[in-house]
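Asker: Sequence:
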Amino acid sequence: MLGDFITRIIILLVGYAYPAYGCYKSVEKKKLEIHELRYWCQYWILVALLTVFERIGDIIVSWLPLYGEIKIALLIYLCYPKSQGLSYVYEKLLCPYMSKHESDIDQGISILKIRGHLVIAQLLQCIFHWSLQIFKQLQQQITIYKVFKTNIYILKLYCIRALSPNPFTSFVYRIITDQSQKINNKQELL
89 MLGDFITRII
99 ILLVGYAYPA
109 YGCYKSVEKK
119 KLEIHELRYW
129 CQYWILVALL
139 TVFERIGDII
149 VSWLPLYGEI
159 KIALLIYLCY
169 PKSQGLSYVY
179 EKLLCPYMSK
189 HESDIDQGIS
199 ILKIRGHLVI
209 AQLLQCIFHW
219 SLQIFKQLQQ
229 QITIYKVFKT
239 NIYILKLYCI
249 RALSPNPFTS
259 FVYRIITDQS
269 QKINNKQELL
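So for the sequence shown, our numbering puts the first residue at 89; every next one is plus one.
For the record, the hints were derived by calculation from the structure and aren't laboratory data.
Please read these numbers as outputs of a predicted model, since none were measured by experiment.
All C-beta atoms in this analysis are idealised placements derived from N, C-alpha and C, irrespective of residue type, glycine included.
There could be a bad hint or two in this list.
Claimed, not checked - Simulated DEER-style distance windows between Cβ atoms:
no.: 1; residue 1: 158; residue 2: 200; range: 48 to 56 Å
no.: 2; residue 1: 155; residue 2: 181; range: 14 to 22 Å
no.: 3; residue 1: 184; residue 2: 124; range: 38 to 46 Å
no.: 4; residue 1: 161; residue 2: 230; range: 54 to 62 Å
no.: 5; residue 1: 230; residue 2: 116; range: 56 to 64 Å
no.: 6; residue 1: 187; residue 2: 93; range: 35 to 43 Å
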């Protein structure tokens with residue numbers, strides 16, 4: 089059994105990098121050949137579907153022995169031109185299914201588009217309310233911090249006033265005490 093990391097690298101190379109290069113070579117030819125372009129379109133359609141099913145398969149059956157190796161073998165089967173695996177899977181399995189259910193799939197996509205807009209709108213509304221709550225909590229925390237900081241200053245000034253009573257210290261002490269009371273009153277209003 090190959091390790092998960094090695095399996096992923098091989099899948100990326102065999103299933104994505106090599107076919108992407110082959111597709112590039114087909115597209116950049118001076119004389120485009122329709123059968124080559126059709127081949128690569130079919131390949132990428134199947135790879136897209138396999139990628140979707142792979143996410144589900146990874147959750148359900150990834151514990152099976154040789155699961156990663158089976159995925160590699162399937163990609164090699166699809167990619168290797170002499171095996172004709174791609175044309176078999178596409179023409180014998182996928183095409184008949186898609187043709188039979190095309191109207192249902194189109195209808196489902198339309199419903200998903202409509203519901204998707206509603207879901208996104210609800211999600212944005214939730215994010216807005218959530219961020220508003222966070223902002224209010226931060227604002228309260230800042231106010232509490234300011235009150236705490238002001239109370240520390242009052243405590244320091246009280247100590248200074250007790251040690252050296254003079255008119256200036258009394259004046260500053262009164263100003264800070266008034267400010268602290270204003271902040272406390274604002275906090276009570278919140």
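Asker: Evaluate the given range 48 to 56 Å for the C-beta pair formed by residue 158 and residue 200.
Answerer: 31 Å Cβ-Cβ, so the 48 to 56 Å window is violated.
Asker: Within 54 to 62 Å: is that where the Cβ-Cβ distance between residue 161 and residue 230 falls?
Answerer: holds, 60 Å
Asker: Lying within 56 to 64 Å: is that true of the beta-carbon distance residue 230 to residue 116?
Answerer: holds, 59 Å
Asker: Take a look at whether the Cβ-Cβ distance between residue 184 and residue 124 falls inside 38 to 46 Å.
Answerer: violated, 24 Å
Asker: Quick one: are residue 155 and residue 181 within 14 to 22 Å, going by C-beta?
Answerer: holds, 21 Å
Asker: Given the hint of 35 to 43 Å, check if residue 187 and residue 93 actually sit that far apart at their C-beta atoms.
Answerer: With Cβ atoms ~40 Å apart, the hint holds.
Comparing the model with each numbered hint stated earlier shows that hints 1 and 3 do not hold.
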